[in-house]
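Chains as they are written, first to last, in my numbering: chain A, 531 to 773; chain B, 6 to 332; chain C, 6 to 363.
No lab work stands behind these hints: they were computed from the structure.
Even glycine gets a Cβ: it sits at the ideal position worked out from N, Cα and C.
Keep in mind that a hint or two might mislead.
Over the 10 Å line for every Cβ pair with chain B, so calculated as not near, a few chain A residues [what the hints assert, rightly or not]:
# : residue
1 : H546
2 : H591
3 : A605
4 : T606
5 : T718
Only pairs whose alpha carbons sit at most 20 Å apart, straight line, appear in this in silico SDA-like list of lysine to any residue [to be verified]:
#  : chain 1 : residue 1 : chain 2 : residue 2
6  : A       : K714      : A       : R634
7  : C       : K41       : C       : F127
8  : A       : K714      : A       : G563
9  : B       : K305      : C       : E144
10 : B       : K305      : C       : G151
11 : C       : K41       : C       : P165
12 : A       : K660      : B       : K305
13 : C       : K41       : C       : G176
14 : B       : K305      : C       : P165
15 : A       : K714      : A       : K660
16 : A       : K660      : A       : T628
17 : A       : K714      : A       : V703
18 : A       : K660      : A       : W587
19 : A       : K660      : A       : H686
20 : B       : K305      : C       : K41
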Amino acid sequence: MAEAMPLLELAGVHTHIGRYHILHGVDLAVPEGRVSVLLGRNGAGKTTSLRTIIGLWRASHGAIRFAGAEITGHATPDIARLGIAYVPENMGVFTTLTVAENFRLADWRGDPQPARLDAVMAAFPVLAQKWQARAGTLSGGQKQMLAIGRAIATEHRLLIIDEPSKGLAPVMVAQLTEALASLKRARTTILLVEQNFAMAQALGDHVAVMEDGRIVYRGEMAALAADIALQTRLLGLSLASHQ
Amino acid sequence: MTPISRQSRDPLPYLVLPALMALALAAMKFSAWLTLTVAGLAVGCMLFLAAIGLTLIFGLMDVLNFAHGGFVTLGAFIAVAVLTALPIAGGGVAAALGVVALALAAAAAAGGGLGLVFERLLIRRVAGAPLRQILVTVGGGIILQQVMIVLFGAEPLALPRPEALRGGFIIAGAALERYRLMVCLLGLLVYAATHLALNRTRLGLLIRASVENREMVEALGFRAERLFRLVFAAGTALAALGGVVWALYAGMVTADLGADIIILIFIVVIIGGLGSVSGCFLAALLLGLANNYVGFLAPKLALGTDIALMLAVLLWRPRGLLPMDGA
Amino acid sequence: MRLLSHDHPGHWLLAALLAALLLALAFAPFLLPGTKALAVAARILIFIVLAASYDLLLGYTGIVSFAQTSFFGLGAYGVAIALSGGGGWLALILGAAAGIAVSVALALAMALLSLRVRAIFFSMITLALARFTQVLASEWRGLTGGEDGLTFSVPRLIAPGFHPFVAPVLGLRISGPVIAYYLIFAVTLASFLVLLRIVNSPFGRVLQAIRENPFRAEALGYQTIFHRALASALAAGFAALAGAMMAMQLRYTNPDTTLSFSLMIDILLMVVIGGMGTLYGAAIGATVMVLAQYYLQPGLAALAAAARGIVLAPALLDPGRWLLWLGLIFVLVVTFFPAGIAGSLRARANASARPPIA
Chain A
531 MAEAMPLLEL
541 AGVHTHIGRY
551 HILHGVDLAV
561 PEGRVSVLLG
571 RNGAGKTTSL
581 RTIIGLWRAS
591 HGAIRFAGAE
601 ITGHATPDIA
611 RLGIAYVPEN
621 MGVFTTLTVA
631 ENFRLADWRG
641 DPQPARLDAV
651 MAAFPVLAQK
661 WQARAGTLSG
671 GQKQMLAIGR
681 AIATEHRLLI
691 IDEPSKGLAP
701 VMVAQLTEAL
711 ASLKRARTTI
721 LLVEQNFAMA
731 QALGDHVAVM
741 EDGRIVYRGE
751 MAALAADIAL
761 QTRLLGLSLA
771 SHQ
Chain B
6 MTPISRQSRD
16 PLPYLVLPAL
26 MALALAAMKF
36 SAWLTLTVAG
46 LAVGCMLFLA
56 AIGLTLIFGL
66 MDVLNFAHGG
76 FVTLGAFIAV
86 AVLTALPIAG
96 GGVAAALGVV
106 ALALAAAAAA
116 GGGLGLVFER
126 LLIRRVAGAP
136 LRQILVTVGG
146 GIILQQVMIV
156 LFGAEPLALP
166 RPEALRGGFI
176 IAGAALERYR
186 LMVCLLGLLV
196 YAATHLALNR
206 TRLGLLIRAS
216 VENREMVEAL
226 GFRAERLFRL
236 VFAAGTALAA
246 LGGVVWALYA
256 GMVTADLGAD
266 IIILIFIVVI
276 IGGLGSVSGC
286 FLAALLLGLA
296 NNYVGFLAPK
306 LALGTDIALM
316 LAVLLWRPRG
326 LLPMDGA
Chain C
6 MRLLSHDHPG
16 HWLLAALLAA
26 LLLALAFAPF
36 LLPGTKALAV
46 AARILIFIVL
56 AASYDLLLGY
66 TGIVSFAQTS
76 FFGLGAYGVA
86 IALSGGGGWL
96 ALILGAAAGI
106 AVSVALALAM
116 ALLSLRVRAI
126 FFSMITLALA
136 RFTQVLASEW
146 RGLTGGEDGL
156 TFSVPRLIAP
166 GFHPFVAPVL
176 GLRISGPVIA
186 YYLIFAVTLA
196 SFLVLLRIVN
206 SPFGRVLQAI
216 RENPFRAEAL
226 GYQTIFHRAL
236 ASALAAGFAA
246 LAGAMMAMQL
256 RYTNPDTTLS
266 FSLMIDILLM
276 VVIGGMGTLY
286 GAAIGATVMV
296 LAQYYLQPGL
306 AALAAAARGI
316 VLAPALLDPG
326 RWLLWLGLIF
336 VLVVTFFPAG
346 IAGSLRARAN
356 ASARPPIA
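Isolated chain A (complex conformation) (with noise of 0.2 Å):
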């Protein structure tokens, strides 16, 4: 059988911010049940073409389809609401609340189930212990770890998670990728932005290249961690000696 549909696809997306004409056509495919990874530097457009498709910037041009339905210039609420989870670069950690509080709203029908909490809880112990702090007392990997808790506390078929590692000791980096991976091995779809290249080389499948608001290259992460010198083209130096 040929490639099965992707249950993500940007076919020639185009993106301005005021003045600024970021994305210059955009061409990705996710595929259901797997991790795609969003590589580029910085201003590549990685950013962007995340809010482009949950709805907080607006596509001038293009299409954006996901599970088969045009969701181009869509609200924001009504893409997340067709089952899209979106951990924003910030984490999107609703810092004056309670961690129990930015988990009651990790869901827009309702609380969600306690089933549900308690595998994010088994994933990420630490929530439990700081179950009734005000978010904005963690720390920045406790606050990543409930970002990304709150986005799997409840049922959703595409998970868009931008720079989990930023800012976050290695410690962290190991612990968060460890809890990614397992979410990997539940064949969760996941488009994830990273930096981080051992991060993303490790956790992904898939890979896709931005430079200047365009993909450059797309491929199989292992082809791309196996070879060097294209990793040096397209990442420069500083990334590909992370590994």
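Go by the hints and put chains B and C onto chain A.
For chains B and C alone, kept in the frame of chain A given last:
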């Protein structure tokens, strides 16, 4: 930013109120002090009722509604309409309270409904343009006031308080008015209800979350826009509620009520810290008390009390007593 | 063009309107003889200065202040108080100067306060200040005459009874008020040109940069507070100057004519209808508004009489409901026509001047 209702850890602002009361006690006889204090607290509670909606709307939507006073006036006229339609000459306390409750409900409904229209026709069209948003609410306020003159006339309308709510009793040589005590009770009730709603209910959590990060609330699948509309309507409904209480206190209503009171409302929300519920309550009580004390001790200075108080607080705490970002 | 500081009206229609306005105002006493016409023309001149001074704040700096009437009132009361004690030109000039000085000082003090508070607080504080000055003027009877205000006589040269020439000049008998009119005309023209120079100077461009993006302007190294304070002070000074001219022209001053909130609404409307941030718009807006007040507002009464019998119509058309219609126009302009007359014409001219983009 942080939650609308979060209490500041700093105890200093909370001490201002007792300090002011103690200072006043030192300057006058106890009976006079008690009368003035109860009256001042009542005025404060009325101010709180009139102002709380403005601070809520600002906290969530970043919209400063200069037409807020118009909704207070609307509530006052509704009170006149309801009490004129249902005269309860000589009725008991229950009947009087029933009619007042009916007026409150009618005013809240009218204020909330008109608020929705107002948001739809004026506020939403200029979303994202703060300067135009201010101008549009100023214009909307003028229209609101003028339409009320068309509907209710430009002459002051008398609003006699129901018999059962007049008079009072003497305690320790101080005259305490029944209606004032009732107003204090209502103010406390609304304060507690707002506080609980924001901190204990899922809707309240959602509102607090939206204040902090609207985008994330939407990315979680919640329709923040509807939430905003709801809060706007709640804010204008509360303003109308304040108008009823104010009208019954003054015993007379004119279309200028809102324009007169909006200055005090602004001073309350500025002193309290824009967006802060507790700050609004504290500031309203402070202003009510200060006005009454100064009016008694040095009537000539009453004119500038509000503004002097505002300047003093701003020089001390530029963002108000209990700003919502808690810092 | 040097006179206009190279700030051209932009659109031919705007240029024509302005030229017509200038000519009409320059020859108003000869074109439209009569006390009322002269009063209307003088009022237009005074409000051009007042609206232009407010445009410096609202249009160029993006500051929403409701206290412009306070400064206008200070200028008016400065002259009124000085002339109430008798005295001639020296008292007039000293009174005006005192009004302007107090206004500038007050504006600077408020700007310093705004250093400490959020921009949105500032608008609310100005509203409180406006109310405070209004109440103060009504209550401080010893100084201001309370609600009744002050009535006084002006120097003989500009007083009604003065006629320097026996024979008419160009068919007009020159009187004190005509001389006063030309004095106001000269001051208005000079003020307007100075304001035009200010907004087109590097200082004016910084103001606009701050309005567009205060953070970016700050990052570029501009002292936003300093620029805002200076703009506020200038706006207050010119508003006080307009107030002084108003007192001189009316020969009385009271809270209603100089400090009322409806006057503030008038100023807002002038600037918004004319077009924020263009100065020319303020001139157009002031003219339109003053003419409407004098010639359209009485028309409402006729309409109300004609509409008798229709539900609510007479009440809606009552001349007392003038503000209702102003409010509606104001909201409509802000919502659908935010560039105002001058801004829209300019945008049109720019659109046709720009080559089509490939």
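Now for the hints, and whether the structure bears them out:
The non-interface label for H546 (chain A) is consistent with chain B: the shortest C-beta to C-beta separation is roughly 16 Å, beyond 10 Å. The claim that H591 (chain A) lies off the interface holds: its Cβ sits roughly 23 Å from the closest Cβ of chain B, which is beyond the 10 Å cut-off. Look at A605 (chain A): its CB is around 8 Å from the nearest CB on chain B, not clear of 10 Å, so calling it non-interface is violated. Remark: the non-interface label on T606 (chain A) conflicts with the geometry, its nearest Cβ contact in chain B lying 4 Å away (cut-off 10 Å).
With a least beta-carbon separation of about 18 Å from chain B, T718 (chain A) lies farther than 10 Å from that chain, consistent with its non-interface assignment. Between K714 (chain A) and R634 (chain A) the alpha-carbon distance is near 25 Å, which puts this suggested pair outside the 20 Å criterion. A hinted pair counts as satisfied when its Cα atoms are at most 20 Å apart, and K41 (chain C) with F127 (chain C) does not qualify at roughly 39 Å. Among the hinted pairs, K714 (chain A) with G563 (chain A) is consistent with the structure: their alpha-carbon atoms are about 8 Å apart, no more than 20 Å.
The hinted pair formed by K305 (chain B) and E144 (chain C) meets the criterion: a straight-line CA distance of about 10 Å does not exceed 20 Å. Restraint check for K305 (chain B) and G151 (chain C): the C-alpha separation of about 15 Å stays at or below 20 Å, so the hint holds. Between K41 (chain C) and P165 (chain C), the direct Cα distance comes to roughly 14 Å. Compliance with the 20 Å bound is thereby established for this hinted pair. Taking the CA atoms of K660 (chain A) and K305 (chain B), the gap is near 56 Å; set against the 20 Å cutoff, the hint is violated.
Distance check on the hinted pair: K41 (chain C) and G176 (chain C) sit about 18 Å apart at the alpha-carbon level, within 20 Å; holds. With a CA separation close to 40 Å, the supplied pair K305 (chain B) and P165 (chain C) exceeds the 20 Å bound. Restraint check for K714 (chain A) and K660 (chain A): not satisfied, since their Cα atoms lie roughly 26 Å apart, outside the 20 Å limit. The suggested pairing of K660 (chain A) with T628 (chain A) holds, with an alpha-carbon distance near 9 Å, which does not exceed 20 Å.
For a cut-off of 20 Å, the pair hint linking K714 (chain A) to V703 (chain A) stands: about 16 Å separates their Cα positions. Our distance criterion of 20 Å between C-alpha atoms is broken by K660 (chain A) and W587 (chain A), whose separation comes to about 34 Å. For the suggested pair K660 (chain A) and H686 (chain A), the alpha carbons sit about 25 Å apart, so the restraint of at most 20 Å is broken. The straight-line distance between the Cα atoms of K305 (chain B) and K41 (chain C) is roughly 41 Å, outside the 20 Å bound, and the hint therefore fails.
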